[in-house]
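Novice: One line per chain: the protein sequences are R and U, in this order. At position 387 of the first sequence (counting the first as 1) the number is 387 in our numbering, and the numbers step up by one without a gap. At position 142 of the second sequence (counting the first as 1) the number is 142 in our numbering, and the numbers step up by one without a gap.
One thing to keep in mind: the hints can contain errors.
With a straight-line cut-off of 30 Å between C-alpha atoms, the simulated DSBU-like cross-links for lysine-lysine are [said to hold, decoys possible]:
{"hint": "1", "chain 1": "U", "residue 1": "LYS133", "chain 2": "U", "residue 2": "LYS66"}
{"hint": "2", "chain 1": "U", "residue 1": "LYS146", "chain 2": "U", "residue 2": "LYS133"}
{"hint": "3", "chain 1": "U", "residue 1": "LYS146", "chain 2": "U", "residue 2": "LYS9"}
{"hint": "4", "chain 1": "U", "residue 1": "LYS66", "chain 2": "U", "residue 2": "LYS146"}
{"hint": "5", "chain 1": "U", "residue 1": "LYS146", "chain 2": "R", "residue 2": "LYS377"}
{"hint": "6", "chain 1": "R", "residue 1": "LYS230", "chain 2": "U", "residue 2": "LYS66"}
By construction, these hints were calculated from the structure, which means they are not laboratory data.
Single-letter residue listing:
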Amino acid sequence: MSKRETFPALRVGLVRLSEASAAMIGMAFERFARSEFTVVEPSQAQLLIVDADRLLGSDTVAALRTDHPKLPFVLLGAQGSGDGNSIVLTKPIGVQSMLEALRGIHLRMIREEQAQTKEPAPRAAEAAPVPRHGYAGAARHHGVAKAEVAHTPARQPAKDAHPQPESAANAQAAAGPIVLSEDCCGDAPDLAPDPAQRSPEGVARSFYDDQAGLLALVRNAVRYGTEQRKNLTVTGLASPLYIQVEGAATAVTELDDGILRRACGEELAQQQYYTIAALPQMARGWRREAADALLWKLALWSSKGRLPRNTDPDCRVRMSRWPNFTRLLITPHAVRAAALWVTRDLSPIELASALRVPQRYIFALYAAASNAGLMEKTLAAAPAPELPPPQAPRGLLSRILGRLISGR
Amino acid sequence: MAAKPNHHKIVFAGPVGVGKTTAIASISDIEVVRTDERATDMTLNRKNQTTVAMDYGQLRLPGGEKVMLYGTPGQERFDFMWEILTEGGIGLVLLLDNTRQHPFQDMRFFLNAFKDFIGRTRVVIGITHSDTKPTPTVTDYHTALKDLGVAVPVPVFEVDARRRDDVALLVKSLLYSLAPELDDYGA
Numbered sequence: 001m002s003k004r005e006t007f008p009a010l011r012v013g014l015v016r017l018s019e020a021s022a023a024m025i026g027m028a029f030e031r032f033a034r035s036e037f038t039v040v041e042p043s044q045a046q047l048l049i050v051d052a053d054r055l056l057g058s059d060t061v062a063a064l065r066t067d068h069p070k071l072p073f074v075l076l077g078a079q080g081s082g083d084g085n086s087i088v089l090t091k092p093i094g095v096q097s098m099l100e101a102l103r104g105i106h107l108r109m110i111r112e113e114q115a116q117t118k119e120p121a122p123r124a125a126e127a128a129p130v131p132r133h134g135y136a137g138a139a140r141h142h143g144v145a146k147a148e149v150a151h152t153p154a155r156q157p158a159k160d161a162h163p164q165p166e167s168a169a170n171a172q173a174a175a176g177p178i179v180l181s182e183d184c185c186g187d188a189p190d191l192a193p194d195p196a197q198r199s200p201e202g203v204a205r206s207f208y209d210d211q212a213g214l215l216a217l218v219r220n221a222v223r224y225g226t227e228q229r230k231n232l233t234v235t236g237l238a239s240p241l242y243i244q245v246e247g248a249a250t251a252v253t254e255l256d257d258g259i260l261r262r263a264c265g266e267e268l269a270q271q272q273y274y275t276i277a278a279l280p281q282m283a284r285g286w287r288r289e290a291a292d293a294l295l296w297k298l299a300l301w302s303s304k305g306r307l308p309r310n311t312d313p314d315c316r317v318r319m320s321r322w323p324n325f326t327r328l329l330i331t332p333h334a335v336r337a338a339a340l341w342v343t344r345d346l347s348p349i350e351l352a353s354a355l356r357v358p359q360r361y362i363f364a365l366y367a368a369a370s371n372a373g374l375m376e377k378t379l380a381a382a383p384a385p386e387l388p389p390p391q392a393p394r395g396l397l398s399r400i401l402g403r404l405i406s407g408r
Numbered sequence: 001m002a003a004k005p006n007h008h009k010i011v012f013a014g015p016v017g018v019g020k021t022t023a024i025a026s027i028s029d030i031e032v033v034r035t036d037e038r039a040t041d042m043t044l045n046r047k048n049q050t051t052v053a054m055d056y057g058q059l060r061l062p063g064g065e066k067v068m069l070y071g072t073p074g075q076e077r078f079d080f081m082w083e084i085l086t087e088g089g090i091g092l093v094l095l096l097d098n099t100r101q102h103p104f105q106d107m108r109f110f111l112n113a114f115k116d117f118i119g120r121t122r123v124v125i126g127i128t129h130s131d132t133k134p135t136p137t138v139t140d141y142h143t144a145l146k147d148l149g150v151a152v153p154v155p156v157f158e159v160d161a162r163r164r165d166d167v168a169l170l171v172k173s174l175l176y177s178l179a180p181e182l183d184d185y186g187a
């Protein structure tokens, strides 16, 4: 039994949540945190989750505060910062990031309670494990939390092999490593739909140089190695990154994703690649992954929700084929964006508008797919096409989707 | 009298030994009902026990609705069942085994066999055992699909049929292919 299970489940009240959102949260608790959180009536709750978008304004939040002066709040979809007794989660809300936020609050409450009774508190790492180089899913406390979750390639073993997760650690293991979408999609505001309305500063913030830095270095190395059929080593990082080109190109390194992600935002000293006869023997802690998957990640981390320099955000493009999503880092909305982009010619801005999602998610997908050679310009200058009508009952498809996303 | 809950189905197809039973089990809410029998023909070359009738799993939805997950028998001599199984289906999950001698022939065969069903709905393709045999690659499959004249973009993913996330993503991509405007709750 984990130490966490010695504490009673935190009683969570849901305020002004839609039926679907409430059901999703209930399912998330049941699936990932059964022993940690339970949904109760707001009057019996120790913490309230409030959909700020469904409130009538700050007066209503204030009214709730008056009614529940001592309860911590998790505000969904609010603008601005939380305060000492609340946190803010921006939408879309990722299940794991929400759970991490709740765990953080729960841990604080346990500590406060134990401080009063002089009992030792569990270490934070036990209650809310954080990946080693982490961009862990924990939302930021007492401030603006940008905690949308992006998916990583599936690494969950067969259901039979692993029973339902019970502890926080097991829950995280079952869900796979967690990354913040902020790392891949940034937090830039949307560009105005009308190009004439865009400020030069806003436009400048929407682009990055995809011909420089680690992304360009590794991309060029993979291309050169594949063409020359030679293995390579990439230098300029804390440790070498090897490219092996026998069969499909793979990358071998002891560097973890946290280091590579940070390197995407830095200028590399003495960056270069050169051919080697053979890769050294893989040591403990080294890992191997498909070069395509690595480049996809590097493009997302370099992009941070921006478009490659010289991209016209209003130019219609099409995705030439579906990315191999099961082996790629998936950012929020990427799958349904791809579903539309493989069938319709849409500019990045049109696609974001059609799906009603922030542009940064679409820009990030464009950056990764473009780097993988999957984006094709189209010549059409026709009006923006309408969404295709669903070919099956939409409600049914939505329910199945919700069931698959929630996991239970 | 209470209204009878609606039941719907997603069909899993593919050659013998590709992992249909395992894939269904990875997302099913119930123990998969299997009608395995010991094979007596050439399928014995690929597995000791194989599906000669069908597999059946379930996804349970709120309100008592169920989505039935049917795995078709892998052998051609049971193809008379395929048409029956696809009636009223939401879409097709086609699994292809990369270690088979001619996976493109398998793909062509199944796309042709389920042509009418795919025409009414959508298909997604999962490539299994690519960790054992990396080629043909996903890109090769897309090229083969183009060569076959398949006009609608088909999601083609490498999958491990034992991994729920892989199989769930295949099904999600099927749903988005049918209706990209579905809300994904940020996923």
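Novice: Taking the hints in turn, state whether each one holds.
Specialist: Here is how each hint holds up against the structure:
1. LYS133/U to LYS66/U: 36 Å, violated
2. LYS146/U to LYS133/U: Cα-Cα ~22 Å, so holds.
3. LYS146/U to LYS9/U: Measuring from Cα to Cα gives roughly 28 Å; hence the hint holds.
4. LYS66/U to LYS146/U: 35 Å, violated
5. LYS146/U to LYS377/R: 19 Å, holds
6. LYS230/R to LYS66/U: 53 Å, violated
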